[in-house]
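K.L.:
Residue numbers in the sequence shown follow our numbering, run continuously in steps of one, and reach 290 at the last position.
To be clear, the hints were calculated from the coordinates, so they are not data collected in a lab.
Zero decoy hints are in this set.
In the DSSO-like style, the derived pairs of lysine-lysine whose C-alpha atoms are separated by at most 27 Å in a straight line are:
id, residue 1, residue 2
1, 93, 134
2, 286, 3
3, 273, 93
4, 71, 134
5, 93, 257
6, 257, 273
7, 286, 273
8, 93, 286
9, 71, 3
10, 3, 93
11, 265, 93
12, 93, 71
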Amino acid sequence: MNKEITLPAPAKLNLFLHITGRRQDGYHELETLFQFVDLADQITFRARDDGEFRLSPQIEGVSTEENLIIKAARALRGIAGDTSLGADINLTKNLPMGGGLGGGSSDAATTLIALNALWHLNLSYQELADIGVKLGADVPIFIHGEASLARGVGEELEAASPSECWYVIVHPQVHVSTAAVFTHPELPRSTKPIHHTDQVITGLNWQQLGNDCQQLVFNLYPSVAAAHQWLLQYAASKMTGTGACLFAPFSSENEAKRALASLPKDYRGWVAKGMNRSTAHLALAKQLED
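Start from the sequences and build out the full structure, keeping to the hints where you can.
P.N.:
Take a look at the structure:
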């Protein structure tokens, strides 16, 4: 293995998101179908032997100490028990913050996967996921790297195979606070769990299922609702996570590109391919072969 690794940190979509209850500790019980897309941050890691972590560039509004990349790196080093382990880390940030695409969690997961290889620790994905879940509920899905039906607080994962279609993803240039959504008194918290999960796992009916956070976010953030109405002109639009990003499936890349071509100038948008295997895992496997 080289002393340098560059891996993507892919976005995820919540193809549906149900909130089935709330635990006594305040965490919400969820039921959601995760799929990756080929839209991603890119992160380069170079090994150091002086115990330093140097992240560049700095993300506006996020201190280095609070960045999930640095938190993940330090947590992994703590498990390794070698204080000399360090890294220079360069982040190319393509995913919007507060967009519901899981960018911070994906960055943390890619950090754990990459440094595990770079430092020759040979920890299993489950061991990495046990570290990652302490950083964020979504981190384990990125570490395991397979499209999954998730339950509980996101830790119960069952492999899924939804159709790998093309998507238009739209960001209405607003930051949605996940904490504000999940603590809001008007958030639905009692959706009945799905019984026929085999249909969901094979991707037969996820488009018929909704996002329990969506209407609340539309009420709180009118610009997200407006972006939803724009996207509805072309295909069935849905919000991912707690927003602000919306997505819609298309049968071909060309159809998706035609819709994106008329994107209002106030929005950011992308055409992305659904992936049932994380591009981070695919890229790491290729580098290990090389």
